[in-house]
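Peer 1: The listed protein sequences derive, respectively, from chains A and B. Just so we're aligned: 91 in our numbering is position 54 of the first sequence, and the numbers increase by one with no gaps anywhere. Just so we're aligned: 122 in our numbering is position 121 of the second sequence, and the numbers increase by one with no gaps anywhere.
Because the hints were derived from the structure by calculation, they are not lab data. Please read all numbers here as calculations on a predicted model, not as lab measurements. Heads up, none of these hints are tricks.
In the SDA-like style, the derived pairs of lysine to any residue whose C-alpha atoms are separated by at most 20 Å in a straight line are:
1. 120(A) x 245(B)
2. 194(A) x 178(A)
3. 198(A) x 308(B)
4. 124(A) x 299(B)
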Amino acid sequence: MKKSEKSKAKSKTAMVIYIFAALCLFTVSTASAQDVARIAVEPEAINIGALYNGTTLTATGSVPADSEAIVRFIGASCDLHMKERGKVAGIMWMNLDSITFKGAPSVCLVSSAVDLDRFEAGGGGSIEVLRLSGLKGSVEVEASGGGHEKALDEFLKLKQKEGLYREMFGNISYESASEGQKTFRADVPIPSRLTPGAYVVEIDAIRNGKVIARAEKPIKVNLVGFPALLSGLAFNHSALYGILATVIALLAGLGIGLVFQGKGSH
Amino acid sequence: MSIPFHLYLPIAGNSVNMVLILGLGGVVGLLSGIFGVGGGFLMTPLLIMFGIPPTVAAASDSNQIVGASTSGTLAHFRLGNVDFKMGLLLLIGGVIGGTAGVQIIKVLRQLGNADFLINVTYVLMLGIIGSYMFAESLQSMRKVQRNIPASRVKKESLYGRIAKILPWQMEFRRSGVRLSVLMPLLLGTLVGVLAAIMGVGGGFIMVPVMVYLLRMPMHVVVGTSLFQILFTCINVTIMQAWRNHTVDFVLALMLLIGSSIGAQVGAKVGKKLRGDQLKILLASLVLVVMVKMLYELLARPEVLLAYIGGH
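The following block holds chain A by itself, in its conformation from the complex (with noise of 0.2 Å):
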């Protein structure tokens, strides 16, 4: 009898055991699941044609439930080479120093659904990281001797007022929400001073301040149509490219002047 007892007690422990392990790997199960992030992104290329003057990007996909989404477009990363401005004779504002500014992506599109001043000031934690103050530790500063501190914000400044960096909050909506999952959808406007090359749009997940999930989607960025052909014959053939922009404006400026000698000749 002690001996079925003592089983007994022993298969019950296992049990519990079982049944725990059971638990502990459904749970784990259910919450990689959840912390996932997906993204697709619509149009998948941009083409700039002649008549080109922006464009809206759509990205939708699905991210934790209880997280925030933040999606972010984002252009390859270039060194840009300008001048420090400052005072010269305690008078004159003068272009002094050369400055170089390494790594700085070429745009810089922050979306949100909610104010992400207000979000982080209610307890949603920090998301320096995603905004565009968080281009501060990515961004590298080469300039020759010191005084450079306020540098990074000024850049950022000026590539604010070019409007390709941006923070916008209110383009981001929730639809739906399933199996701890909520779908998003963005609408990203593009700005019109856009290059050709290759660009990211990203997908952050954000919860208690820690990125837990992120997904990104490559998206290309082509000259098409007379755009294309121009810049080809510009950057390739260059000096037949500077000969034709220069007969044709002789050309053009001789046909004006003799189109007016015709009225003028009344």
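Dock chain B against chain A, hints included.
Peer 2: For chain B alone, coordinates are given in the frame of chain A:
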């Protein structure tokens, strides 16, 4: 169906409103036709304001000036206002001066603070030229109003006497002056040096030099200046397109359609104005540009960074 007013510029990497660019070209062309200046001082900053990168704005502007100055030169040629002989001599001097100026600016940059020196020289020159022209033309307009004969016998200045004793004197019939060949060559060189240092076409300096130092009549000055600017800009356009890929032909074409029409109208408006009226208007324009430059030097810029290039 909406009419597409925007056009994408592949070299500038931005799209622009066509009506705006045509209008901008028209206004600058009008000034060019009236005063014989290229208009780069006005056009380039405006293009930058509309989102065109500075290097592309400056180079494409040169391209459009080729068209505008062709149209303007033709209009002035028909009116008998182009002194080709004088224009060619000034052009030769300008090419020599421009080449020397590029070397001088290299040395200045190595010495440091070249930009400071350039800007201060620019403001001072514009201030002196503008004020002198303004005062002089105001005086001559008052004389006309009081019916004082303009042809009063004046004592000849030292400059006038030196000009007369220089060798290789030549008759410039269109301008109605007799001068040594050395004068337009040397003055052209001087303007070329200054234009290269300042990074502008030089029309602003050339026009007062023709009026006050070569003593050409104002109407001939305008036509001859445009003729000279045409060649300078042909050179700049080809070099910029070839070496730096900064000429946006679509932008230039839109600007030049506007500016060629503007230049034709300007030439006709200019013909209706007297020489002293033209001078006082140009002097006012020079002074406005000077004040604008001075303000830019003294006021704190919105952003303490600038792209390299442009005027």
